[in-house]
Amino acid sequence: MTRPSGFEGYRRPDGRVGVRNHVLVVPTVVCSAVVTERIATAVSGAVALPHLAGCGQLGPDMETTHDTLAAYCRHPNVGAVLVVALGCEQVVAQMLAESARSAGKRSAIVSIQGEGGTPKAIAKGVELAADLARDLQREARTWCGADDLILSLKCGGSDYTSGLSANPALGRVADRLNALGGSTVLGEIAEIMGAEHLLAARATQPEVAGRLLRVIQRVESEARALGLDIRGTQPSPGNIRGGLTTIEEKSLGATHKAGERSALEDVVAYSARITRKGLTVMDTPGLDVESVTGMVGGGAQVVVFTTGLGTPTGNPIAPVIKITGNARTAETMADNTDLDVSGILDHSESIDGAADRLLDEILAVCSGKLTAAERLGHREFAIHRRNPTI
Amino acid sequence: MSGKIIVITERDNVATALTPLSAGDSIEANGSRVTVREPIAGGHKVALKAIAAGEAIVKYGNPIGTATADIDAGRHVHIHNVASGRGRGDL
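As given, the protein sequences belong to chains A and B, one line each in that order.
Numbering-wise (the numbering used here), the first sequence opens with residue 1 and increments by one.
Numbering-wise (the numbering used here), the second sequence opens with residue 1 and increments by one.
Rather than coming from a laboratory, the hints here were simulated on the basis of the structure.
Mixed in with the good hints there might be a few duds.
Some chain A residues flagged as far from chain B (calculated, every beta-carbon gap over 10 angstroms) [what the hints assert, rightly or not]: (1) Ser5; (2) Thr161; (3) Ala179.
Here are some, though not all, of the chain B residues that point toward chain A, as calculated from beta-carbon distances under 10 angstroms [what the hints assert, rightly or not]: (4) Ile6; (5) Gly43; (6) Lys59; (7) Gly61.
Cβ-Cβ distance ranges computed for the label pairs, FRET-style [what the hints assert, rightly or not]: (8) B:Gly61 with A:Gly353: 19 to 27 angstroms; (9) B:Glu10 with A:Thr389: 51 to 59 angstroms; (10) A:Ile390 with B:Thr19: 47 to 55 angstroms; (11) B:Gly61 with A:Leu180: 27 to 35 angstroms; (12) A:Pro206 with B:Thr68: 31 to 39 angstroms.
We put the beta carbon where it would ideally sit given N, CA and C, even for glycine.
So that you can see chain B by itself, here it is in the shape it has in the complex:
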């Protein structure tokens, strides 16, 4: 199933889907195999490992935000379970 996702650095805990992924698809990245748990649209991110609430989401080898809920490996990672701490006048 390689070619359907891209992982930018070894430190990343998410992959980017290059084509839509379906529940049950198997992806392999950074040496481990992960089963996709839900549909992931092309361009969207999928968790490569379990990420606990409060942990950093890492892409490009750098933190891009914080998990707001526990995220299982294979789950969709987006605005419903990730928050940025930057420029937040609402907090």
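Chain A extracted, bound-state conformation:
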């Protein structure tokens, strides 16, 4: 093995490692989202985190919103944070700024009501964000090990090729990364349904297996409580056209992403910090953007997203690498695709060969190579919510 097992990243004061160095401009509430986007557009190196939440939420949804925003403020791919407040909302700007400071990052706050309206808040915000960005330019990448990585394992727009090619290739990479001392995270609980016995059998402790099975049961009973057939969305109409018949079939293909050898170390809540080496399952919905948002919130610095039909999803702070095992999609969706592993199905490439190329691509992206989603400006972000807006 002479393959590189490291990359050039940003070592942060809290010990974590970033693969990007963004100034994160984060609105506390949907009301400050437009001001946030205008500030970020004006400053090179700044990225906005517009969202639809931050007020009118109670209990668990409010906690999820706050915890997700706070997690992005602490995230190692973020170098500094500007919080854009309205002034009367539930999410507290000071708490987000403090979250960034607790991870050793510079932070600042601008308030629309405090500055006296949109133009003044934008002007002040641009000044603050530009100052933060200037500081970040002085930071240099240093050599970091693969054991510093948390890799998010994701699939979407799946078809019959996903479970036969791209997912097994990603699974080999997940097993290798975990063996090197890194971490991987698998979300999308509904898409484990039907394959949970395989993952539970790999749990390090019965208690971890029990947590996995309880989360699966909760999601299944939520679907039942609606009085509806989960087949209205799982598999999706596109999955069914692609030849996938049931959620069990989709899940058995999807869980190949989590490898075959890695033990299941932990099961965590949405956006909760991933602390274990090896494989963690996160309680996220199957909706791509909400799922990626949560896993990046948990600390994943990079996402590998396998697709059969092709999909554009990115993330504001983490690179999302697209790979497909469908030769037609590799051609028709070339603009959105980073890696073509369709050779697995026509026997021109082995799964291990594809995994070698994928691991090389991940490390190159972690060193700064832009993904298709980054080049095209895909920065989708959506915080999961369960309850009505009040």
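Here the structure of chain A is known, so what remains is to put chain B in place on it, guided by the hints.
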């Protein structure tokens, strides 16, 4: 005709068509030869043996659903003759 289908484990009673199959095509899998009875789109599944209503459809060596009708070898296996029992609030 090998190369047009893939069978993942020996326990599977379905194969996945890698290219479209036509009625009359002959496929060989898990030691037996099966004549395709109807057009099967690429990515879709074909029965490798007779599967009775109520029997499990097995792919990846695991059950992926239950046959809702008798399925002859060589027939298309999809949502018209397979049902999942998971997450069914409509039942």
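Status of the hints after comparison with the structure:
1. Ser5: holds, 30 angstroms
2. Thr161: Violated, because the least Cβ-Cβ distance between Thr161 (chain A) and chain B comes to about 7 angstroms, which does not exceed 10 angstroms.
3. Ala179: Ala179 (chain A) is indeed farther than 10 angstroms from all Cβ atoms of chain B, at 24 angstroms.
4. Ile6: holds, 6 angstroms
5. Gly43: holds, 3 angstroms
6. Lys59: It holds, given that the least Cβ distance between Lys59 (chain B) and chain A is near 6 angstroms, below 10 angstroms.
7. Gly61: holds, 9 angstroms
8. B:Gly61 with A:Gly353: 19 to 27 angstroms: Cβ of Gly61 (chain B) to Cβ of Gly353 (chain A): about 24 angstroms, so the range 19 to 27 angstroms holds.
9. B:Glu10 with A:Thr389: 51 to 59 angstroms: holds, 52 angstroms
10. A:Ile390 with B:Thr19: 47 to 55 angstroms: Since Ile390 (chain A) and Thr19 (chain B) have Cβ atoms about 54 angstroms apart, the given range 47 to 55 angstroms holds.
11. B:Gly61 with A:Leu180: 27 to 35 angstroms: Given a distance of about 29 angstroms, which is inside 27 to 35 angstroms, the answer is holds.
12. A:Pro206 with B:Thr68: 31 to 39 angstroms: Cβ of Pro206 (chain A) to Cβ of Thr68 (chain B): about 36 angstroms, so the range 31 to 39 angstroms holds.
Figure legend: structure checked against the earlier numbered hints; the only hint not met is number 2.
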